[in-house]
Amino acid sequence: MEKQTLHATVWFTVRAVPVLLLYLTELPHHLSAHLSAYLLLQLPACVHLTLQVTL
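Each residue of the sequence shown is one higher than the one before, counting from 1 in my numbering.
There may be inaccurate statements among the hints.
[What the hints assert, rightly or not] Computed spacing ranges between beta-carbons, pair by pair: (1) PRO44 - LYS3: 43 to 53 Å; (2) LEU31 - LYS3: 40 to 50 Å; (3) HIS7 - HIS48: 37 to 47 Å; (4) LEU22 - LEU43: 21 to 31 Å.
Keep in mind that the hints were calculated from the coordinates and are not lab data.
All C-beta atoms in this analysis are idealised placements derived from N, C-alpha and C, irrespective of residue type, glycine included.
Produce the complete structure using the sequences and hints provided.
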């Protein structure tokens, strides 16, 4: 049973990774830049929230 699960996982990974890479490379650069900027803007709030939770 475990061999089958491993085989399925490997098969899925082999199938999914190229598709994911293709998707990422095909993304318009301005969209990824916009997303990066958005995430950078969100970073201080996330850090602040994390500090509040942990302290």
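List of violated hint numbers, smallest to largest: none
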